[in-house]
Every structure is written in structure tokens, then in C-alpha cells.
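Novice: Residue numbers (my numbering), protein chains in the order written: chain C, 1 to 226; chain E, 1 to 224.
Derived from the structure by calculation, the hints contain no laboratory data. We put the beta carbon where it would ideally sit given N, CA and C, even for glycine.
In silico negatives: residues of chain E with every beta carbon more than 10 Å from chain C: (1) Arg-8; (2) Leu-25; (3) Glu-60; (4) Gly-65; (5) Ala-112; (6) Ala-119; (7) Ala-163; (8) Leu-173; (9) Trp-213.
Just so you have them, the derived chain C footprint on chain E, three or more residues with Cβ under 8 Å: (10) 73–80; (11) 84–95; (12) 99–106.
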Amino acid sequence: MSTFQQALFVARKDLLLGWRARTRTLAVALFGMVTLVLFSFAVAADGEVGVSAAAGFLIVALLLSSILSLEESFRLETEDRALEGLLLLPVDPVAIFYGKAIANFVLLVLLGPVLLPLTAIFFSLELDGANLLSLALLWVLAAAGIAAPGTLYASMTSRVTGRDVVLPLLLFPLTLPILMAGVRSFDLILRGDAMSQLKGWTLLLAAFDLVYWVLCGALFSRTLEE
Amino acid sequence: MTPSVITRSLGKRFGRKWALAHVDLEVAAGQGLLVVGDNGSGKTTLLRLLAGLLLPTLGEVEILGSSPQQPGSEARSHLSLVGHQGFLYEALTPLETLALWNRLGGRRKSVAELENLLAEAGLAADRDTRVSGFSSGMRKRLSLTRLDLENPRVVLLDEPFSALDRAGREWLLSTLSRLRAGGAALIVASHDPQRAAPICDRAVRIERGQISWQGSLGDLESAS
Numbered sequence: 001m002s003t004f005q006q007a008l009f010v011a012r013k014d015l016l017l018g019w020r021a022r023t024r025t026l027a028v029a030l031f032g033m034v035t036l037v038l039f040s041f042a043v044a045a046d047g048e049v050g051v052s053a054a055a056g057f058l059i060v061a062l063l064l065s066s067i068l069s070l071e072e073s074f075r076l077e078t079e080d081r082a083l084e085g086l087l088l089l090p091v092d093p094v095a096i097f098y099g100k101a102i103a104n105f106v107l108l109v110l111l112g113p114v115l116l117p118l119t120a121i122f123f124s125l126e127l128d129g130a131n132l133l134s135l136a137l138l139w140v141l142a143a144a145g146i147a148a149p150g151t152l153y154a155s156m157t158s159r160v161t162g163r164d165v166v167l168p169l170l171l172f173p174l175t176l177p178i179l180m181a182g183v184r185s186f187d188l189i190l191r192g193d194a195m196s197q198l199k200g201w202t203l204l205l206a207a208f209d210l211v212y213w214v215l216c217g218a219l220f221s222r223t224l225e226e
Numbered sequence: 001m002t003p004s005v006i007t008r009s010l011g012k013r014f015g016r017k018w019a020l021a022h023v024d025l026e027v028a029a030g031q032g033l034l035v036v037g038d039n040g041s042g043k044t045t046l047l048r049l050l051a052g053l054l055l056p057t058l059g060e061v062e063i064l065g066s067s068p069q070q071p072g073s074e075a076r077s078h079l080s081l082v083g084h085q086g087f088l089y090e091a092l093t094p095l096e097t098l099a100l101w102n103r104l105g106g107r108r109k110s111v112a113e114l115e116n117l118l119a120e121a122g123l124a125a126d127r128d129t130r131v132s133g134f135s136s137g138m139r140k141r142l143s144l145t146r147l148d149l150e151n152p153r154v155v156l157l158d159e160p161f162s163a164l165d166r167a168g169r170e171w172l173l174s175t176l177s178r179l180r181a182g183g184a185a186l187i188v189a190s191h192d193p194q195r196a197a198p199i200c201d202r203a204v205r206i207e208r209g210q211i212s213w214q215g216s217l218g219d220l221e222s223a224s
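Build the full structure now, drawing on both the sequences and the hints.
Specialist: Right, dumping it as C-alpha cells:
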């Protein structure tokens with residue numbers, strides 16, 4: 001079995017566990033929705049300011065929801081030391097990382113169809129087909145940029161006391177480039193791209209994704225050492 | 001003949017406390033070694049070091065000529081560990097659990113073969129029940145099914161008889177006897193030397209992380 005096949009098998013296992021614990025998965029989506037509701041009440045949700053804020057709130061809602069999703073992913077691994085059971089097999093740790101990161105990525109992407117329409121409603125966004133497609137693509141890139149470092153840090157903090165606090169403290173600073181590039185890109189789609197900056201920001205987002213997926217995969221086995 | 005398991009001056013420190021220090025062991029193929037000691041003496045740490053789940057602070061471990069410390073290493077494909085934890089996912093069924101270990105372990109057993117393993121473990125009727133609904137004895141049986149699935153050359157067991165009923169203990173003993181007869185080296189940490197007696201011929205006593213006595217199983221009682 002190749003490393004790629006092992007990764008797909010681990011991802012399948014994680015998605016199955018996510019489906020079986022779907023009440024918890026739904027709670028993550030609900031948390032994202034509540035976050036957006038709070039933001040929409042906290043800031044004037046109409047006019048230019050509202051449109052500008054919507055981009056930021058959407059990515060922040062994704063980031064906050066991701067913490068719950070990532071913690072759950074490793075709670076299942078530590079419950080009966082199930083991850084150790086996998087490590088006792090001749091499995092490449094890189095496969096475990098990419099399997100778990102792919103599953104986390106899929107779960108974050110699935111928040112898109114929930115949070116994007118809600119943002120459009122709360123912040124009175126006018127979206128056409130082309131805008132929606134661009135937003136969906138950016139959502140995928142933003143989710144990828146959070147899933148890889150999130151998986152690495154969730155693994156690191158899974159055996160730490162107070163991991164609920166430690167994980168966001170470690171993850172949020174690292175995702176600042178994703179936050180910045182994501183917010184700018186979303187904003188340019190929603191308010192228009194008069195200076196043709198969208199391509200540059202999107203490429204920056206994709207570049208960080210690539211760096212994170214390569215680097216975190218290489219570092220993952222270090223997080224397993226005791 | 002080269003021993004299947006060798007430790008040289010093995011030690012592990014957690015913070016300031018040495019859980020294990022200067023442990024030298026050799027277990028040959030087909031041998032059974034019983035590890036006894038009080039709670040907290042270092043038995044579980046020793047088994048986790050042998051399985052490569054812990055990095056030693058001192059010394060080294062050799063399993064069939066290579067180190068098990070590296071995840072995915074060759075040594076890990078020849079060893080099985082069944083400990084206090086079952087390494088189980090609560091939301092998976094026994095059949096899904098075996099399928100996961102089977103595929104990720106690089107084995108190609110069919111579903112029918114996996115079902116047979118479950119039947120031998122007495123879990124055939126519960127093949128589609130999630131592990132979260134299992135009793136501790138059923139969990140133990142499922143964890144121990146790993147031995148039949150992996151057919152390892154080095155078997156590491158931490159309190160293998162706990163939570164098992166009489167039929168479960170007999171099934172486990174027959175599995176271990178078969179593995180041993182096939183050349184597997186067994187290392188069994190147990191508080192119950194009498195139950196482990198049929199599969200072990202040597203014993204070591206660990207006290208405060210160090211080997212305080214070793215000899216034949218027959219001499220263990222008089223040494224206590």
C-alpha cells in the first residue's frame with residue numbers, strides 16, 4: 001500500500017468518524033453560524049462598511065469553527081490511544097498527517113455552503129454566478145491554509161493540559177497570512193477589483209497553502225515523539 | 001542465534017523521575033518472558049519503549065535487528081502490542097476496526113477472513129455493533145484479535161488476562177501458544193504469574209525502574 005493510498009484510507013476513516021459523530025460536526029457549523037450572527041449585530045451590516053466587514057467576518061468565522069473541528073479530530077485519536085494503534089502498524093506518519101489533514105480540509109470546506117449564503121443574507125451582499133464561483137474557490141484555498149497547520153498543531157496539543165486554549169494560541173498567529181490574503185481576496189470579489197489585485201492575493205494564498213502542506217507534512221512525525 | 005528482542009542499558013526519564021534505568025534484556029525467538037513488578041515499577045514503560053512508542057532517554061532497543069523507534073520502521077511490521085488501552089475508535093464496528101488495521105498494516109485479508117477472526121474471538125454476533133457499546137472484556141478480545149491478524153514475531157502484552165472471562169483466557173493462551181510455537185518471542189507484563197505460566201519460561205522482576213531479579217519462572221515464587 002503506497003503512502004498516498006494509506007493517506008486516503010486514513011482520510012476515509014476520519015470522515016466516517018465525522019459522519020458517525022455528526023451531531024458534533026453539526027455543532028461546529030452552528031458555532032460558525034452563531035459567530036456570523038454576532039458579528040452582524042455587532043457591526044452595521046449594510047452599505048460599504050458592511051460589505052468590507054463581511055469578508056473579514058467570514059474568514060474569522062471559518063477560523064474559529066476550525067478550532068472545534070480540529071480538536072475533535074484528535075480527541076478521537078487520544079480517547080483510547082487509537083493513534084498509537086496506527087503508529088504500531090508499518091504506516092508512514094506522513095500518510096497519517098495527510099489523511100487527517102485531508103479529512104479536516106473536507107470538513108472545513110463543507111462549512112462553506114452554510115456560512116457563505118448566511119454572510120450574503122446578513123451583510124446584504126449581491127452575488128452573481130461568477131462571484132459565487134470565485135468565492136467558492138477562495139473558500140477552498142482558505143480552508144486548505146487552515147487545515148494543514150491546524151492538523152499539525154492539533155496533534156502537538158492533543159496530549160497537553162489546556163489544549164482548548166493552547167491550540168488557538170498557536171494556530172491563530174500562523175494563519176495570519178491566510179487571514180490577510182483571504183480577507184483581501186474576498187473583499188476584492190465583493191467590492192470589485194479596479195486595480196487587478198485579486199490575482200496577486202489569490203496566488204499569495206495558494207503559495208502559503210503549498211508551503212504549509214509541505215512543511216507541516218514534514219514536521220508531523222516530530223509531534224508524535226514522546 | 002540472534003535474539004529477537006535486545007535492550008542495552010535502556011532507560012527512560014519523565015521530567016526528573018527515571019521510570020526505567022539500565023535495563024538489559026534478551027529474548028530469543030520462541031521464548032516467553034514474564035515481567036513482574038509492583039504498580040509504577042516501570043513494566044508498561046518498558047513495553048512502550050520496546051514497541052517504539054516512547055523514545056529512550058538512555059540506551060537502545062533492537063527488534064529483529066532494527067530499531068522500532070522510527071514510525072513506519074521494519075521492526076514495527078513484526079511486532080504487536082496489546083496494552084491497557086485497546087487502540088480502538090469508539091464509533092467504528094469491530095469489522096471496520098480490523099479492516100483498518102488490515103489495510104494500513106499492508107495485509108490483504110478478505111472480509112471473510114476478518115469475520116473468521118472475529119468469530120474466533122467470540123465477537124461474530126457483534127460484528128456490526130459500534131465499539132462504544134462494548135464491555136471491557138469485549139474490547140479486550142477485539143484488541144487481542146490483532147495478534148491473529150498480524151501474526152507477529154514479537155508479542156508485547158501488558159496485563160493480557162485482565163477483563164477476560166475463562167473462555168477468553170483460554171482463547172488467548174491458545175493464540176499465544178500457537179504464536180510461540182511458530183517462533184514468536186513473547187514479553188508479558190502481568191501481576192498474575194500463574195496465568196502466564198503456560199506461555200513463559202523466564203521471568204524478570206522490576207523494582208523502581210531497574211531489574212532486581214531474573215531467572216526461571218519456577219524460581220520466581222521462591223524469589224518473591
